[in-house]
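Can you make the complete structure from the sequences, with help from the hints?
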Amino acid sequence: MESQKKRQAAYMKKNLLDQGYLDEQFAHLEELQDDANPNFVEEVVKSFYTDSARFIRNIEVALENGPYDFTKLDNMMYQFKGSSSSIGARRVKRQCSMFQECCNAKNIEGCRNTFQGVKQEYATLKTKLETYFQMEK
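Residues in the sequence shown are numbered consecutively from 2, following my numbering.
If you're looking for bench data, these hints aren't it; they were derived computationally from the structure. A portion of the hints provided could be inaccurate.
[To be verified] Pairs of lysine to any residue, SDA-like flavour, derived with a Cα cap of 25 Å: (1) K7 / E44; (2) K127 / D19; (3) K6 / L33; (4) K138 / F41; (5) K14 / N40; (6) K138 / R8; (7) K129 / G118; (8) K14 / M136; (9) K14 / A54; (10) K14 / L33; (11) K127 / D75; (12) K7 / H29; (13) K73 / S98; (14) K129 / A11; (15) K47 / E131; (16) K15 / Y50; (17) K6 / E137; (18) K107 / Y79; (19) K6 / E25; (20) K14 / E137; (21) K107 / D70; (22) K120 / T51; (23) K7 / E32; (24) K138 / E25; (25) K127 / E61; (26) K120 / Q20; (27) K7 / N38; (28) K129 / Q5; (29) K127 / R95; (30) K107 / D75; (31) K6 / E44; (32) K138 / H29; (33) K15 / Q26; (34) K120 / M99; (35) K73 / G83; (36) K107 / G67; (37) K7 / D36.
[Stated by the list, open to error] Derived DEER-like restraints, expressed as beta-carbon distance ranges: (38) Q80 / R8: 30 to 40 Å; (39) Y69 / Q135: 38 to 48 Å; (40) F41 / N66: 33 to 43 Å.
Here a beta-carbon is modelled for each residue, glycine too, at the ideal position from N, C-alpha and C.
Quick look at the structure:
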């Protein structure tokens with residue numbers, strides 16, 4: 002039973018990589034995990050969740066009503082993108098880049114629309130990673 006769960010976890014991780022949810026950075030994090038720190042990756046990802054919730058709240062507030070500070074929005078999304086990169090969240094990172102393009106074009110509707118995509122990709126990844134970590138245990 003134990004080895005079946007490990008196989009399922011390995012298969013799920015492969016799918017997350019193949020489907021573009023994660024990139025090689027996630028695998029690099031896993032290489033840093035050892036017997037001395039067996040929950041390293043999960044702890045890093047939980048820290049990402051905490052940071053992400055703060056970034057999402059701050060961006061939501063900044064998008065609520067004008068005047069819109071596109072430089073500030075871009076900076077907040079840049080930080081969120083960096084945080085996403087640190088765990089290998091490829092699809093989230095891609096949506097963040099699209100948001101930044103809208104900021105550069107000073108396109109508030111584009112920002113709002115791509116921000117929905119950012120939140121959707123983040124929520125999907127979070128659900129998939131929580132399932133993955135449950136299988137790993």
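May I ask which of the numbered hints given earlier this structure violates, with the numbers listed in increasing order? Nothing - there is no hint that the structure violates, so all of them hold.
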